[in-house]
Amino acid sequence: MTNKKKAVIAISAVLAFIILAVCITVPCLYENGLLGDIHPMKKAKDGQVRVACVGDSLTYGLGVEHWTKNNYPARLGGMLGGGYCVNNFGYSGRTASPEGDRPYIAEKLYKDSLSFAPEIVVIMLGSNDSKDGNWKGKDKYIEHYVNIINSYLALDSVREVYIMTPSPVWTVKGEEPYGISPEVISDQIVPAVEEIAERLNLKLIDLYSIFEDKPHLFKDGAHPNAEGAGMIASAVYDAITA
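Just so we're aligned, residue 212 is where the sequence shown starts under the working numbering, counting upward by one.
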């Protein structure tokens with residue numbers, strides 16, 4: 212066998228190995244909520260109530276085991292049944308602030324959520340705003356968040372908007388997970404969300420209280436596991452069907 216043929220065989224073997232690794236790794240990452248740039252959407256059928264779940268990685272379901280069926284919007288859709296079309300518009304790492312490192316409103320996904328013409332919007336943004344460099348104070352956060360919410364309230368299709376407080380965050384080995392500040396969330400963002408709910412007459416879902424004594428449901432200190440995602444879905448379901 213010539214050296215050229217040996218080289219071709221070696222290159223082919225390497226390429227085959229890479230393709231196999233990708234075929235195994237990518238579905239595994241996706242199934243565990245680790246590919247936050249992929250956002251599959253359902254098309255609403257005639258007569259279905261359209262529900263848009265808007266937010267960051269807490270909505271997307273970062274790290275949730277068996278993500279396709281266990282992220283909270285997916286669980287919510289199962290609870291609400293066939294009369295509803297629930298889509299997950301969560302995008303990991305995004306901020307309410309347009310001045311943040313990754314503004315939610317700068318993403319096509321935000322525009323898609325508006326184009327979806329939702330009748331019900333469930334929104335939760337703020338965890339990433341708490342990071343150093345993103346946090347500009349409570350008043351700025353409220354101003355920016357209200358602007359986003361008003362963009363949904365301005366839609367003719369929208370009849371209900373629910374706003375959720377972020378869940379608590381716990382330090383891991385003395386470090387703030389992903390740079391998210393537990394103190395900013397508890398002392399400033401949660402009260403700000405409560406103020407927004409009152410100002411805009413929105414229905415409030417207090418995730419902070421739900422998870423305040425449940426750090427065991429957060430394996431990385433910031434993101435609920437599958438059980439926690441189910442609890443979020445239950446809280447939203449209870450609010451919508453109350």
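Bear in mind the hints are in silico, worked out from the structure with no lab data behind them.
Quantities reported herein were computed from a predicted structural model and do not represent experimental measurements.
Ideal placement from N, C-alpha and C gives every residue a C-beta, glycine not left out.
Treat the hints with care, as some may be off.
Unchecked claim - Label-pair restraints from in silico Cβ distances: (1) Asp312 / Val260: 22 to 28 angstroms; (2) Pro251 / Glu438: 19 to 25 angstroms; (3) Ser445 / Lys254: 23 to 29 angstroms.
Cross-check of the supplied hints:
1. Asp312 / Val260: 22 to 28 angstroms: The hint (22 to 28 angstroms, Cβ to Cβ) is violated, given that Asp312 and Val260 are roughly 34 angstroms apart.
2. Pro251 / Glu438: 19 to 25 angstroms: Since Pro251 and Glu438 have Cβ atoms about 23 angstroms apart, the given range 19 to 25 angstroms holds.
3. Ser445 / Lys254: 23 to 29 angstroms: holds (26 angstroms)
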